[in-house]
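Asker: Residue strings, one per chain:
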Amino acid sequence: MARVLVGVKRVIDYAVKIRVKPDKTGVVTDGVKHSMNPFDEIAIEEAVRMKEKKYAQEVIAVSCGPAQSQETIRTALAMGADRGIHVEVSGPEYEALQPIHVSKILAKLAQDEKADIVIVGKQAIDDDCNQTAQMVAGVLDWPAGTFCSKIEASQGELTITREVDGGLEVIKVKTPAVLSADLRLNEPRYATLPNIMKAKKKQIKKVTPKDLGIDTSPRIEVVSVEEPPTRKAGSIVPDVDTLIAKLKEGGHVK
Amino acid sequence: MCKIPESKEHINQNHIFTNELLPTGTDFYLTDRFSSALQRFESTLVIAEHNNGVLSPITQNALAAATKIGGDVTVLVAGTKCGPASEAVSKAPGVAKVIVAESEAFNGLTPESITPLVLATQKQLNFSHILAGASAFGKALLPRIAAKLDVSPASDVIAIKSPDTFIRQIYAGNAIQTVKVKDNIKILSVRGTAFKPVALEGGSAKIEAAPAGDYKSAQVEFIKQELTKSDRPDLASAKVVVSGGRGLKSGDNFKLLYALADKLNAAVGASRAAVDAGYVPNDLQVGQTGKIVAPDLYIAVGISGAIQHLAGMKDSKTIVAINKDPDAPIHQVADYGLVADLFKAVPELTEKL
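Top line first, the protein sequences correspond to chains A and B.
All residue numbers for the first sequence refer to the numbering used here, where the first residue is 1 and numbers rise by one.
All residue numbers for the second sequence refer to the numbering used here, where the first residue is 1001 and numbers rise by one.
Be aware that one or more of the hints could be misleading.
[To be verified] The calculated lysine-lysine pairs, modelled on DSS-like cross-linking and capped at a C-alpha distance of 30 Å, are: (1) B:K1255 with B:K1344; (2) B:K1255 with A:K206; (3) B:K1068 with A:K232; (4) A:K150 with A:K172; (5) A:K232 with B:K1344; (6) B:K1352 with B:K1317; (7) A:K232 with B:K1324.
Derived from the structure by calculation, the hints contain no laboratory data.
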């Protein structure tokens, strides 16, 4: 049976309207609601379903970040992951942490833990990079099934339906493999109170990138973070005729 | 500025140094000069996207970004049938060379087969930049190449400030990030809507064969594609987009939007709610995790305007919202808002246009 490693990221909650710091160094994160990246919830759900179907024997949730990342790992454990690994990265080192670093960390852990499958979300909703799965696969020289909307697992092989621009695509990859979860892959379950209580007893191992031999020196320097240009206030039109007149004025319709 | 010691003046600035050429203890000097030498010779590889017949329009946007970087532009066309795409792209002005790799190995254009081809090409020609459009193809491929080259890629770039400084959006377009890439090779995916496409006429690049090799991957097998068929313009590049949300109430009611779209020669898009409810297929989703569009006119019908949807359309030139809720957030970004029942307003609009 397979061992599945799932990467989960703690991000600012998707419903929060973010604020840019006045000094333009980033966005305000202190005192702001955080939760698990929505795509990672889907990744955990898929891994847990693999376990329920007796395809996977163990699900390991990994998060790289400051101490609070343990809450994200607890959420994954409450959803059904068996144990967690917290790769502690904080302060300026965390600010500069990027998919290239995370992918090397996940790749090393996948080897150390003898994982057959690595699943992450297709992108984190904070940096919007959409790189980690592809880079883990590159580092390990494993095939990648990106933007998965359906995964059928059989011995030594996965049949994957991917969301591509014009529609869907089906590929078969050999395991070990790296997968990234798209929105349509599944509907993540809610952690129930008993499971949240049980998750408190599950083990979370703590390591640092240094323990894993991963260099996290910055490869990209963030020069500035700014507010996007604001749109000029529009107007409410009273009826369809006025709307058409406005569109004609703007040259949008003849 | 550090002063360059006189004893080294004789070294040709354009020369790529090796350690043997320099006395020991000059590491700083070497790195400094090496990086400035690179900046004088930008050379960009654009990985073309095509469907074994037609060049995808986003390649023309990626070429525009490559032109902004300066220096030579080379285009790589890989696939099972490369003739039409390589000929089309060879006519783009500013393209110096088109490299073609035609083989059954590239069936399905899998990153596992194209990555070793790009690495072989990179080894031979030493590009300073590797680019592709930020489509499903580019997003799946570029980070894998970056990992193999041990460089940190920049995703979905919306502007080129200089050969090493790029602008991109974070937090669903709610913040603009300027990044300076420190790695020697810069790998970028390019947001199509942010760069005006390069015309495919006037140029005459030479077409050459790519480095030979066995690129077939045993790890992955392409089975099939199921593409949504439509006579309407492509969503990502349409001039007018009509999008529907949960307010449409059923897939059947999307007919109202198709009728309006036909009048305007528009593409049809959707919010996540409409896709999740099964009204339309996934590939019509506009937003942070779907397609990013920036048409001249975007008409949002029965869409509330969640952060994640706005991320995909708020760079549209003119936004029209038709929503019966006057407090819907979509009205805050709309140039013209019509507070009305869409089931009355849309047919009326279609009829009067």
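Asker: Is K1255 (chain B) close enough to K206 (chain A), meaning Cα to Cα at most 30 Å?
Answerer: Status violated; Cα separation ~55 Å.
Asker: Is K1068 (chain B) close enough to K232 (chain A), meaning Cα to Cα at most 30 Å?
Answerer: 29 Å, holds
Asker: Please work out if K150 (chain A) and K172 (chain A) have their alpha carbons no farther apart than 30 Å.
Answerer: 12 Å, holds
Asker: Is it true that the CA of K232 (chain A) sits at most 30 Å from the CA of K1344 (chain B)?
Answerer: With Cα atoms ~28 Å apart, K232 (chain A) and K1344 (chain B) stay inside 30 Å; holds.
Asker: Can you confirm whether the C-alpha distance between K1352 (chain B) and K1317 (chain B) stays at or below 30 Å?
Answerer: 23 Å, holds
Asker: Hint check: K1255 (chain B) vs K1344 (chain B), CA-CA at most 30 Å. Holds or violated?
Answerer: It holds: about 14 Å lies between the C-alpha atoms, which stays within 30 Å.
Asker: Do the alpha carbons of K232 (chain A) and K1324 (chain B) lie within 30 Å of each other, as the hint requires?
Answerer: With Cα atoms ~22 Å apart, K232 (chain A) and K1324 (chain B) stay inside 30 Å; holds.
Hint compliance for this structure: hint 2 is the single one not met.
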